[in-house]
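10 protein chains.
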Amino acid sequence: MVVQLPHDLDPDFRAEIVQREKDYSQDLQRRGVWRHLWRVVGEYANYSVLDVESNDELHKVLSGLPLLPYLKITVIPLATHPSDIAAGA
Amino acid sequence: MVVQLPHDLDPDFRAEIVQREKDYSQDLQRRGVWRHLWRVVGEYANYSVLDVESNDELHKVLSGLPLLPYLKITVIPLATHPSDIAAGA
Amino acid sequence: MVVQLPHDLDPDFRAEIVQREKDYSQDLQRRGVWRHLWRVVGEYANYSVLDVESNDELHKVLSGLPLLPYLKITVIPLATHPSDIAAGA
Amino acid sequence: MVVQLPHDLDPDFRAEIVQREKDYSQDLQRRGVWRHLWRVVGEYANYSVLDVESNDELHKVLSGLPLLPYLKITVIPLATHPSDIAAGA
Amino acid sequence: MVVQLPHDLDPDFRAEIVQREKDYSQDLQRRGVWRHLWRVVGEYANYSVLDVESNDELHKVLSGLPLLPYLKITVIPLATHPSDIAAGA
Amino acid sequence: MVVQLPHDLDPDFRAEIVQREKDYSQDLQRRGVWRHLWRVVGEYANYSVLDVESNDELHKVLSGLPLLPYLKITVIPLATHPSDIAAGA
Amino acid sequence: MVVQLPHDLDPDFRAEIVQREKDYSQDLQRRGVWRHLWRVVGEYANYSVLDVESNDELHKVLSGLPLLPYLKITVIPLATHPSDIAAGA
Amino acid sequence: MVVQLPHDLDPDFRAEIVQREKDYSQDLQRRGVWRHLWRVVGEYANYSVLDVESNDELHKVLSGLPLLPYLKITVIPLATHPSDIAAGA
Amino acid sequence: MVVQLPHDLDPDFRAEIVQREKDYSQDLQRRGVWRHLWRVVGEYANYSVLDVESNDELHKVLSGLPLLPYLKITVIPLATHPSDIAAGA
Amino acid sequence: MVVQLPHDLDPDFRAEIVQREKDYSQDLQRRGVWRHLWRVVGEYANYSVLDVESNDELHKVLSGLPLLPYLKITVIPLATHPSDIAAGA
Numbered sequence: 001m002v003v004q005l006p007h008d009l010d011p012d013f014r015a016e017i018v019q020r021e022k023d024y025s026q027d028l029q030r031r032g033v034w035r036h037l038w039r040v041v042g043e044y045a046n047y048s049v050l051d052v053e054s055n056d057e058l059h060k061v062l063s064g065l066p067l068l069p070y071l072k073i074t075v076i077p078l079a080t081h082p083s084d085i086a087a088g089a
Numbered sequence: 090m091v092v093q094l095p096h097d098l099d100p101d102f103r104a105e106i107v108q109r110e111k112d113y114s115q116d117l118q119r120r121g122v123w124r125h126l127w128r129v130v131g132e133y134a135n136y137s138v139l140d141v142e143s144n145d146e147l148h149k150v151l152s153g154l155p156l157l158p159y160l161k162i163t164v165i166p167l168a169t170h171p172s173d174i175a176a177g178a
Numbered sequence: 179m180v181v182q183l184p185h186d187l188d189p190d191f192r193a194e195i196v197q198r199e200k201d202y203s204q205d206l207q208r209r210g211v212w213r214h215l216w217r218v219v220g221e222y223a224n225y226s227v228l229d230v231e232s233n234d235e236l237h238k239v240l241s242g243l244p245l246l247p248y249l250k251i252t253v254i255p256l257a258t259h260p261s262d263i264a265a266g267a
Numbered sequence: 268m269v270v271q272l273p274h275d276l277d278p279d280f281r282a283e284i285v286q287r288e289k290d291y292s293q294d295l296q297r298r299g300v301w302r303h304l305w306r307v308v309g310e311y312a313n314y315s316v317l318d319v320e321s322n323d324e325l326h327k328v329l330s331g332l333p334l335l336p337y338l339k340i341t342v343i344p345l346a347t348h349p350s351d352i353a354a355g356a
Numbered sequence: 357m358v359v360q361l362p363h364d365l366d367p368d369f370r371a372e373i374v375q376r377e378k379d380y381s382q383d384l385q386r387r388g389v390w391r392h393l394w395r396v397v398g399e400y401a402n403y404s405v406l407d408v409e410s411n412d413e414l415h416k417v418l419s420g421l422p423l424l425p426y427l428k429i430t431v432i433p434l435a436t437h438p439s440d441i442a443a444g445a
Numbered sequence: 446m447v448v449q450l451p452h453d454l455d456p457d458f459r460a461e462i463v464q465r466e467k468d469y470s471q472d473l474q475r476r477g478v479w480r481h482l483w484r485v486v487g488e489y490a491n492y493s494v495l496d497v498e499s500n501d502e503l504h505k506v507l508s509g510l511p512l513l514p515y516l517k518i519t520v521i522p523l524a525t526h527p528s529d530i531a532a533g534a
Numbered sequence: 535m536v537v538q539l540p541h542d543l544d545p546d547f548r549a550e551i552v553q554r555e556k557d558y559s560q561d562l563q564r565r566g567v568w569r570h571l572w573r574v575v576g577e578y579a580n581y582s583v584l585d586v587e588s589n590d591e592l593h594k595v596l597s598g599l600p601l602l603p604y605l606k607i608t609v610i611p612l613a614t615h616p617s618d619i620a621a622g623a
Numbered sequence: 624m625v626v627q628l629p630h631d632l633d634p635d636f637r638a639e640i641v642q643r644e645k646d647y648s649q650d651l652q653r654r655g656v657w658r659h660l661w662r663v664v665g666e667y668a669n670y671s672v673l674d675v676e677s678n679d680e681l682h683k684v685l686s687g688l689p690l691l692p693y694l695k696i697t698v699i700p701l702a703t704h705p706s707d708i709a710a711g712a
Numbered sequence: 713m714v715v716q717l718p719h720d721l722d723p724d725f726r727a728e729i730v731q732r733e734k735d736y737s738q739d740l741q742r743r744g745v746w747r748h749l750w751r752v753v754g755e756y757a758n759y760s761v762l763d764v765e766s767n768d769e770l771h772k773v774l775s776g777l778p779l780l781p782y783l784k785i786t787v788i789p790l791a792t793h794p795s796d797i798a799a800g801a
Numbered sequence: 802m803v804v805q806l807p808h809d810l811d812p813d814f815r816a817e818i819v820q821r822e823k824d825y826s827q828d829l830q831r832r833g834v835w836r837h838l839w840r841v842v843g844e845y846a847n848y849s850v851l852d853v854e855s856n857d858e859l860h861k862v863l864s865g866l867p868l869l870p871y872l873k874i875t876v877i878p879l880a881t882h883p884s885d886i887a888a889g890a
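Protein chains in written order, with this note's numbering: chain A, 1 to 89; chain B, 90 to 178; chain C, 179 to 267; chain D, 268 to 356; chain E, 357 to 445; chain F, 446 to 534; chain G, 535 to 623; chain H, 624 to 712; chain I, 713 to 801; chain J, 802 to 890.
It cannot be assumed that every hint is accurate.
Unchecked claim - With a cut-off of at most 25 Å between alpha-carbon atoms, the simulated DSS-like pairs for lysine-lysine come out as follows:
1. C:K238 to B:K111
2. G:K606 to H:K645
3. C:K250 to E:K378
4. I:K734 to J:K873
To be verified - Going by beta-carbon spacing under 8 Å, a handful of chain H positions derived as facing chain I:
5. Q649
6. V656
7. L660
8. W661
9. R662
10. E676
11. L694
12. T697
13. I699
14. A702
15. G711
These are computed hints drawn from the structure, not numbers from a lab. Ideal Cβ placement from N, Cα and C applies to all residues, glycine included.
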């Protein structure tokens with residue numbers, strides 16, 4: 001996810017929307033849906049790993065992001081790796 | 090990491106090198122260095138998260154990959170995300 | 179899926195592998211997994227829609243493709259569109 | 268089709284134009300022209316399959332899209348695949 | 357269409373296949389299918405305009421090109437332009 | 446040529462400039478300079494073939510386009526193809 | 535780092551923010567963190583080498599750049615080269 | 624150099640800045656620094672060859688361009704070609 | 713022009729073909745057709761300016777290059793720049 | 802500089818050429834020409850800073866690299882940055 005906030009966004013609106021994004025993300029983290037979240041160094045962007053039942057659920061989760069209108073999201077479908085010891089390999 | 094094995098690689102050599110790659114990866118997973126490992130669906134590629142002390146250590150770890158001559162590796166530096174609850178946010 | 183067969187592939191092997199790919203695909207079509215299949219005009223490539231339970235199942239299905247070593251596959255995750263009448267919209 | 272609506276679009280105009288787009292699309296779906304419609308997960312974009320008599324008809328259909336000024340459309344010409352069982356292969 | 361002939365192609369085979377490509381193209385030109393044909397200056401490539409009934413016919417025509425295994429073809433669907441006087445505008 | 450008209454262009458100005466573009470193009474078509482003109486299906490863009498004496502003349506012709514400030518033009522130099530029967534091949 | 539200042543930025547604000555960027559950079563240079571700094575010829579951009587303890591520290595340093603909202607930063611992780619005599623090779 | 628002037632630039636300011644760019648360029652041409660200057664056909668862009676003592680001088684010369692805020696400049700370092708007869712080859 | 717000679721080219725053939733390329737280029741330079749020739753620093757590539765009567769002549773000249781099978785040529789059509797003092801501006 | 806050594810390179814030749822590259826680089830480092838040298842983490846590539854009198858000298862230096870036939874070099878011209886304290890800013 002790459003965040004592209006306009007320079008002239010109202011500071012109060014910006015602060016509010018960023019806080020709502022944080023709350024939304026942390027709620028999903030607590031529920032085990034948003035499994036990992038990292039900041040890309042030097043960029044207003046993140047790599048995230050979400051664990052969902054289906055593409056429809058994933059789209060619903062992403063569509064609820066408060067920052068959605070300012071996000072460029074690329075979804076990369078991942079599967080279990082045959083050498084992953086956490087998956088019992 | 091994208092794996093590009095030549096079509097005409099000797100099958101025995103291929104099997105051996107792939108096994109050595111698996112062993113190498115799993116040893117690093119057990120030591121907590123190779124933290125996450127996922128297969129990219131439909132591709133002979135993976136997304137991995139490694140946790141190291143320095144760039145020099147990371148290069149050393151990656152240089153030891155048995156499949157190295159056949160890998161195209163792109164390193165994306167990640168940092169703690171301010172909303173990551175696992176990091177105490 | 180883009181097919182890249184080497185020019186010097188043995189003609190018999192080529193014919194056999196292409197036939198096996200066709201059989202594999204048609205079996206999946208009959209089972210409702212491989213839902214759509216189109217040729218890209220002028221290219222040895224196709225656009226396909228597969229309907230699976232999970233990313234793991236999708237990777238398993240794609241990994242079984244007889245032409246796999248010669249394929250460049252890009253997976254685009256699709257979801258139900260809110261205007262799709264076939265989905266009851 | 269990728270939709271790029273300006274952030275400052277009037278909400279009423281936006282709601283109206285999105286509704287008209289939905290009506291336009293569903294009318295074409297009912298007439299068998301707009302054969303398939305999927306949402307790209309995480310993006311305000313879709314993959315669609317249209318079945319038309321000619322390039323001129325396709326351009327006419329696409330030119331009528333209410334969201335046209337905000338769409339980036341890429342047309343990929345598709346043909347019957349020799350392994351498609353739905354086409355009698 | 358971009359032509360990519362291997363350097364080590366047998367000269368006789370190369371001459372024969374290039375001649376067959378020329379014959380094939382000129383036959384289609386005479387039948388009014390291959391409407392225009394230009395060389396891209398400095399490249400072993402061409403821009404061509406073909407006039408066909410359907411995508412299936414176009415794929416059939418292109419699949420018959422003797423140089424097909426060595427061609428990279430990109431099809432751009434064109435329609436009548438509203439300002440084209442040749443189309444009665 | 447790709448046309449990129451701003452969304453907020455005054456409708457009267459837009460209508461006028463598009464009409465002037467059409468007149469300009471058709472005058473050049475009648476004079477045999479603008480030899481071919483096609484619409485790219487689904488895009489506000491065209492492929493055109495112009496027949497001029499020199500690069501300087503071509504730049505002069507293109508610089509006169511009423512839509513010039515809103516055009517992205519890419520010129521691909523074409524030559525006679527050795528298999529073109531219209532050129533006596 | 536590529537700097538992209540809007541054309542209509544208030545000149546006083548621009549002068550102030552550029553001065554603060556210079557001060558910030560020179561303070562880090564004096565502390566040995568910002569090791570090298572070069573201008574890319576003909577561009578409002580620079581190549582910089584920073585020496586930090588961790589990705590988290592690097593992100594913190596870069597996040598403090600006064601020009602941050604106008605910067606496009608790409609971080610390339612570098613390690614000691616085995617032929618570098620400055621590193622004792 | 625690619626010139627990207629905003630559509631809504633004040634016409635007088637635009638005329639003045641373009642004239643100053645022309646004067647600046649011609650002065651450098653007369654002094655033998657700006658050795659060659661060509662228009663890219665169909666684009667508001669040019670290819671230029673400058674002959675300078677150092678990268679620092681080149682950056683100083685380019686930084687003085689009146690159109691600088693509206694230019695995208697890419698510098699390609701060139702050297703004497705071993706087959707160039709003008710260089711005594 | 714980018715030169716891509718295979719690593720395993722016979723050294724004598726390579727020397728001969730490079731010499732023939734040099735002779736061919738210098739003959740065209742003496743005849744005023746190949747007006748400028750520069751080496752791209754660090755690459756086996758050049759930027760060249762050719763002055764010809766037509767696209768057909770340019771393609772003929774380029775087609776005669778002894779290194780042609782190993783060249784990737786991109787032709788950028790250039791015109792007189794309105795600020796070029798050498799063109800009487 | 803990106804190094805692309807063929808998989809089937811003779812091991813002795815490979816060892817010898819890599820050693821000669823190291824010697825060549827270190828000699829230039831000692832003479833102050835090759836000012837900086839870093840390994841890109843995870844890649845057989847480096848970022849280097851060379852300090853030369855002219856483009857001709859730089860091309861000569863790079864042309865002498867023993868690994869040249871296997872290198873992809875991109876030269877980015879750098880100048881003194883106005884905020885660089887090492888340059889007296």
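List of violated hint numbers, smallest to largest: Hints 2, 3, 6, 10, 11, 12, 15 not satisfied by this model.
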